[in-house]
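Residue numbers (UniProt numbering), protein chains in the order written: chain A, 1 to 349; chain B, 1 to 150; chain C, 1 to 366.
Because the hints were derived from the structure by calculation, they are not lab data.
Remember, predicted model here, so these are calculated numbers, not experimental data.
Where is the CB? At the ideal position from N, CA and C, for every residue including glycine.
Heads up, a few of these hints could be off.
[Unchecked claim] Partial pick of chain C residues on the chain B-facing surface, computed with a CB cut under 7 Å:
1. 226
2. 227
3. 234
4. 300
5. 313
[Claimed, not checked] Pairs of lysine to aspartate or glutamate residues, derived as DMTMM-like cross-links and limited to a Cα-Cα distance of at most 25 Å, are as follows:
6. C:50 <-> B:7
7. A:157 <-> C:340
8. B:83 <-> B:7
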Amino acid sequence: MENLFVSMAAGIRSLLGSGGLSEWATDFLVMFLKLGAILVYILVSALWLVYMERKVSAYMQCRIGPNRVGPMGLLQTTADIGKLISKEFIIPKDADKKLFLLGPILIFMPPLAVFAVAPFGKGMVAIDMNIGVYYFLALASLSTVIIWMAGWASNNKYSLIGSMRVVAQMVSYEMPLILSIVGVIILTGTLNMSDIIHAQENVWFIFLQPLGFLIYLIAAVAETNRAPFDLVEGESEIICGPFTEYSGMGFAMFFLAEYANVVLVSVMATTLFLGGWLAPFGLTFIPSWIWFLLKVYLMIFLFMWFRWTYPRVRVDQLMEFGWKVLVPLSIANIFVTGIGKYLYHSLGW
Amino acid sequence: MNPKPLEEIIEELKTRYPGIEVAESGSGSITVTVDQLVAFMREIKEKYHFNYLTNVTGVDYRDYFEVVYNVSIVEQPHMLHIKTRLDRHNPVVPSMVPIWGGAIWQEREVYDLLGITFEGHPDLRRILLDDQWEGHPLRKDYQWEGGRES
Amino acid sequence: MTLKTEEFLLNLGPQHPSTHGVFRILLTLDGETVVKAVPIPGYLHRGIEKLAESRTYTQVIPYTDRLDYLAGMLMNWGYVHAVEKLMNVEVPERAEYIRVIVGELARIASHLVATGAYAADVGGLTGFIYTFRDREDIMDLFEMISGARLTPSYMRVGGVADDIPDGFIDKCRQFLDYFPTALDEYNGLITGNEIFQARTKNVAIISAEKAIEMSLSGPVLRASGVNYDLRKARPYSVYDRFDFEVPVGSKGDCFDRYYLRLLEMEQSAKIIRHALDQLPEGPIKGKVPKVIKPTAGEAYAEIESSKGIMGTYVVSDGSTNPYRVHFRRPSFVNLGYLDEMLKGWKIADAIAILGSIDIVLGEVDA
Chain A
1 MENLFVSMAA GIRSLLGSGG LSEWATDFLV MFLKLGAILV YILVSALWLV
51 YMERKVSAYM QCRIGPNRVG PMGLLQTTAD IGKLISKEFI IPKDADKKLF
101 LLGPILIFMP PLAVFAVAPF GKGMVAIDMN IGVYYFLALA SLSTVIIWMA
151 GWASNNKYSL IGSMRVVAQM VSYEMPLILS IVGVIILTGT LNMSDIIHAQ
201 ENVWFIFLQP LGFLIYLIAA VAETNRAPFD LVEGESEIIC GPFTEYSGMG
251 FAMFFLAEYA NVVLVSVMAT TLFLGGWLAP FGLTFIPSWI WFLLKVYLMI
301 FLFMWFRWTY PRVRVDQLME FGWKVLVPLS IANIFVTGIG KYLYHSLGW
Chain B
1 MNPKPLEEII EELKTRYPGI EVAESGSGSI TVTVDQLVAF MREIKEKYHF
51 NYLTNVTGVD YRDYFEVVYN VSIVEQPHML HIKTRLDRHN PVVPSMVPIW
101 GGAIWQEREV YDLLGITFEG HPDLRRILLD DQWEGHPLRK DYQWEGGRES
Chain C
1 MTLKTEEFLL NLGPQHPSTH GVFRILLTLD GETVVKAVPI PGYLHRGIEK
51 LAESRTYTQV IPYTDRLDYL AGMLMNWGYV HAVEKLMNVE VPERAEYIRV
101 IVGELARIAS HLVATGAYAA DVGGLTGFIY TFRDREDIMD LFEMISGARL
151 TPSYMRVGGV ADDIPDGFID KCRQFLDYFP TALDEYNGLI TGNEIFQART
201 KNVAIISAEK AIEMSLSGPV LRASGVNYDL RKARPYSVYD RFDFEVPVGS
251 KGDCFDRYYL RLLEMEQSAK IIRHALDQLP EGPIKGKVPK VIKPTAGEAY
301 AEIESSKGIM GTYVVSDGST NPYRVHFRRP SFVNLGYLDE MLKGWKIADA
351 IAILGSIDIV LGEVDA
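Let the sequences and hints guide you as you build the complete structure.
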C-alpha cells in the first residue's frame, strides 16, 4: 500500500522503457501521466467537496442535506454539473466578450500549476522543485488577476465592486500569508517542500510556529475568499461579486475553482505546518499518502466549519485587520523565530 | 412628565380656537379648519407635548376630502384624532413635516393615493404607484379600465 | 498628480437577496461608501385599502393577513380591534386571552424571522436556519388552531373564529419550555460572535429624539431607549393583567435593535405562559350580528404589532362594506428615516441597517 503509487509509476516507466522508447520520451510521458493524475484528483476532489460542504453545512444546520441522487446523495454534484453543462452560457450584451470567456477558462490554471509541486506522499511529488514554496506563493496570487478580469469584463456594477474587493483583499492578505511562512523557512533553511516535510520528523511546525500557523490559517481563508472573508462574493450584499453575470458552466468553473483553491491552501498548510505525509505517533503502517489526505481534509473541514459559523466582516474591518493586526504579528513572529534559532545554535541545544 | 387629562386639554383648546368642532364622545376627535391647522398643530406639540404623530391619512367623502391626523404622547396613553376638511377641487393642505418629521412618507402616500397636495413637503412624489400613473385610486370616482374583467 | 474619482449609482433591488422582498434602494456610491440613498417602495402594492372598500367587513380579514405576512395574527387583530371600536362590541374574556396567546406567538414567530434574517444579512446563514427551525413549532400551533400556517385569518369581529383545539395548550407549553434553550443557542451562535458585534455595534445610531420625531415605533424606537410599547402605555385587550417588562435599548445602534427582539421574545413567552395559566372558560365570540353593519361613523385603533404600532382607521357609511379602511403600517413609517440612516455607511452596512429595521414588504407596500 505504502508504495502503491510510486510502484505504479515505476511499473509504467519500465513498461515504456521495454517498449523501446528513448529515456527522454519515457520521462516526458511519465511526467504527463503524473500531471494528468493530479488533474483528475483535483477535479474529482472539487466535485466531491461541494457535496462535502453541503453535507457539513446541513448537519451544522440541523438538516440532512443531499440524499436523493445516488447512495447517500453522493452523485448529487455530478448531476449538478451535468445540469450546469446543459445550461445556456449567457454572455451579456455589453460584456467584453473575449475577457468574459477567458475568465472561467483560466481560473483553474493557478491551482493546477501549483499542485505539480505538492508532495502527496513519500516520494509522491510530480516535480520536486527546489523553490517549491516560492513557486506556490508566486502562482497562487495569479487567480486575483483572473477574478478581477472576469468581474471587469462582465460590465456590471456588482461585479466591479466585487473585483475591486478581490484586489484589495488579496493585496492585504498575501502579505501576512507570505510572512507567516517565512518563519518555517527560517527554521528549515529550504524552499523545497519535501525537505520541509523531512525537517518535521521530530516535531511538526505547528508546535514550533503556532502563531505562524494561525496567521497562515486566517490569511488562507481570506485568500480563498471564504467566510468570514467572503466579501468578494458576499451574496447578501453584492449578489455574487465578479461571478454575478456568469451562468451555466462558466459559473460552475469559478465555483469549482474555489474548492480547488481550498484544497491547495490545505495542502500547503499540511506540508508546512502539519508534517505533510509524516505519520504521527509512529503509526507508519498506514500509508503516507493516506495520512496526507487525512490532514488535508481535516483542514478543509476546518474551513467549512468557519464558513457555516461566522458572519462576514466588513470591507474596512477586513483591511484594518490585515494591515494593523496580521502584518505586525507576522513580522513579530519572524523576529521571535530568528532570535530563537540564533539562541538554539549558539547555545548548542 | 405627567400631562393633563385629555378632556382638560380639549377644553383649553376649545377656548383658544373657537373654530374647532369637538366630537361629543370622549374619543378626542377634533375638526380644525385648514387655515388654523398649522398654528393648532404647533401648539399641541409645543404646549401639550404631543410629540408623536402616529397616523396620517385621508378620506374622500365625494363632496370634500378629509385629512386625518392621529397625534399622541410617547410613553403616555393620550391620543388626539384631528381632522381637517379640504375643498375637493383644490385639495391643498400644509405639510406637517416641519413639525413632525415622521409625516414624510405618510403624506407622500396620501398624495399618491388620494391626490391631496401637501404644501411645504420637501419631497412630494408618488411613493407606492408608478411615477407615470394616472389618477389617484383611493378617490371614489376613480375608474380603471383593463385588468382581468376587460 | 491628483486622482479623479467619480460617484456612481447602484440599484439595490428590486430583486436582491437582502432587501427582504421587492424593495429598491437607489444608492449613490463613492467607492463603497453611500453618499445618498433613495428608497423606492411600491413593488408589492396590491391596493389592499382599495380592495377593502368593495368587501364586507368580515371579508377584509383575509386581506390583513397579507399585510405583515410574518405576523398575520397581529394584523387580523389590529383590524378587528378597530371594527370593534367602531361598533362598540364587547369581546368575551376567553376570546381576549386566546388573542393574546396567538398574538404573542405571532410576535415570537415574526421576531424569529427578523433575528434569523438579520444573521443571514450579516453573512451567517446558519442562524437563519436555526430560527426557522423553531418558528416551525409556532407555525404548527397556528395550523392546529386556525388550519393555516402563514395566513391564519383567525380573528373575527367580536372574538375569534374557533375555540382552542385539544392538545393545543400542551403543545404550546411544550414549546415555551423548550424556547429558552433556543434563545441560548441564538445568543451563542449570533449575539456573542465577535464579527457580528463588530458589524452591528455603533452602526447607524438613532437618537431617542430623532426616533420620536420620525414617528418610528416598535423595536426600532425602543432600541433608542424610548419606553413606548402600547401594551404598557395604553393597554388594550387584557394586557393590563399580565406582568411583563418592556425591554429598552441604550444606544440605538443596529446591535440594540437586534438584541431587543431577543429580549422581547422572552417577555412574550412570559405573557403566553401567564395567559395559559389564567385562561378562563366562556364564549369565544361576542354578540355580533351575522351581517356586520355598523352605524355611520369612524374609528381609529392601534395595537402593538411585532414591527411597531399598527393602526387601523375604519370609516363606515352604514352599509355592509367599509367606506374607507386605512392601515398605519409600522414598517412603512419606520422606513421613512432610512435615507438618512444609510448616509455615510458602506454597502455592507446598508444591508445591515435595512435588516435591523425589520421590514416586511407586504406591509410596506400594502
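Okay, the hints, checked on the actual structure:
{"no.": "1", "hint": "226", "result": "holds (6 Å)"}
{"no.": "2", "hint": "227", "result": "holds (6 Å)"}
{"no.": "3", "hint": "234", "result": "holds (4 Å)"}
{"no.": "4", "hint": "300", "result": "holds (6 Å)"}
{"no.": "5", "hint": "313", "result": "holds (6 Å)"}
{"no.": "6", "hint": "C:50 <-> B:7", "result": "violated (35 Å)"}
{"no.": "7", "hint": "A:157 <-> C:340", "result": "holds (23 Å)"}
{"no.": "8", "hint": "B:83 <-> B:7", "result": "holds (17 Å)"}
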